[in-house]
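One-letter residues, chain by chain:
There are 2 protein chains.
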Amino acid sequence: MTPSRGPGRRPGTPDTRGEVLTAARTSFADKGFERTTIRAVAASAGVAPAMVHHFFGSKEDLFLEALAAPFDPRVVLRPVVEGPPDELGLRLARTFVTIWEDESRREPLVALVRGAMTSEPVAAMLRDGFLRIIASVLGPAVAGPDPLLRLQLAISQGLGMELFRYVVKVEPLASTPPEELIQRLAPVLQHHLRG
Amino acid sequence: MTPSRGPGRRPGTPDTRGEVLTAARTSFADKGFERTTIRAVAASAGVAPAMVHHFFGSKEDLFLEALAAPFDPRVVLRPVVEGPPDELGLRLARTFVTIWEDESRREPLVALVRGAMTSEPVAAMLRDGFLRIIASVLGPAVAGPDPLLRLQLAISQGLGMELFRYVVKVEPLASTPPEELIQRLAPVLQHHLRG
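Chains as they are written, first to last, in my numbering: chain A, 1 to 195; chain B, 1 to 195.
This is chain A alone, in the form it adopts within the complex (with noise of 0.2 Å):
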């Protein structure tokens, strides 16, 4: 982790992108998201700000690497609020529950949650970061006064499920069907973003 490297050495070698990784997941934990620069990143993993962009793209997409993110809002909730406004909570169910039924995305989604329980940096990065950009996506689509608000309860609403089905395993919720746990899900959705 020396910032000057050895004229043998190239830049952005795999040591490079963890190196950055490293200071970017450092920054958000520590300065949490808005305050955290790409420049600030750079300098700290001894590297060019364009070489960060290079490889990452923009501040969400580092952010979104750093954190192990096992989904990316932007493109996962995209379709979520294009569609009929009445039927937003039954796409958002639809969508968090599929996630969830998705392997690979549930352990690291239970890690993080899991994280954000008992750390006080993971829990800023899921507080300032990861759920910031979901409100980025989602918020357009939500009506009503206090649209944050709204969403926070919505999320909050799937997340405790999603941890008493596979965190806490608690009968009849961890064996009930997904379609069925969609279908009870939507209109409590629809009532919070739209309601």
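To be clear, the hints were calculated from the coordinates, so they are not data collected in a lab. You may find that some hints are simply not true.
The list treats identical chains as interchangeable, and a pair is accepted whether it falls inside one copy or across any two copies.
Derived BS3-like pairs (lysine-lysine); straight-line CA-CA distance at most 30 Å [as the list claims (entries may be wrong)]:
id: 1; residue 1: 59; residue 2: 31
id: 2; residue 1: 169; residue 2: 59
id: 3; residue 1: 169; residue 2: 31
We have chain A; now place chain B onto it with these hints.
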């Protein structure tokens, strides 16, 4: 923790209580609530079953003490099931939020959920013991098919909200007045429980 005691030692000292609680915790975590018996806990602690009953009451009482439960669902939730059925969601929302607003109860609740997230024995005590006792009180007030599932979805909404509010501390949820939360939760809980 010897089963035979010296003649100078009276039964029922604080040590006895502690030994019974330790034995109870081990049994509830290993065997679950259903298969734990007062008789086996007493034997494991080297005391008479009557003494366990004398100190702790029923198996439910012993369990709640072993879990260091921050409230007794049989006491706290009793008023929730009494009253007009169309305000069940409102009464549960009010009770739920009120419990979490009480700092002396919130911290052990967070500890319990944190424990359940990271330790299977604690998850088992939450699942097979605490939630079961809650269900035994609230279950009769739930209407429609799958009452247990309805109850679990309602509780998961409340719990998810409180975790976002007090552990993740996401704004504006973290600083929303309790009465507003009650009003927002009430229709959702009503829908889960009787919709």
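The hints, checked one at a time:
1. 59 to 31: Close inside one copy (14 Å), not across copies (49 Å); limit 30 Å.
2. 169 to 59: This pair counts as between: shortest inter-copy Cα distance 23 Å, intra-copy 36 Å.
3. 169 to 31: Classified as between; 16 Å across copies, 35 Å inside a copy.
Every hint from the earlier list agrees with this structure, and none is contradicted.
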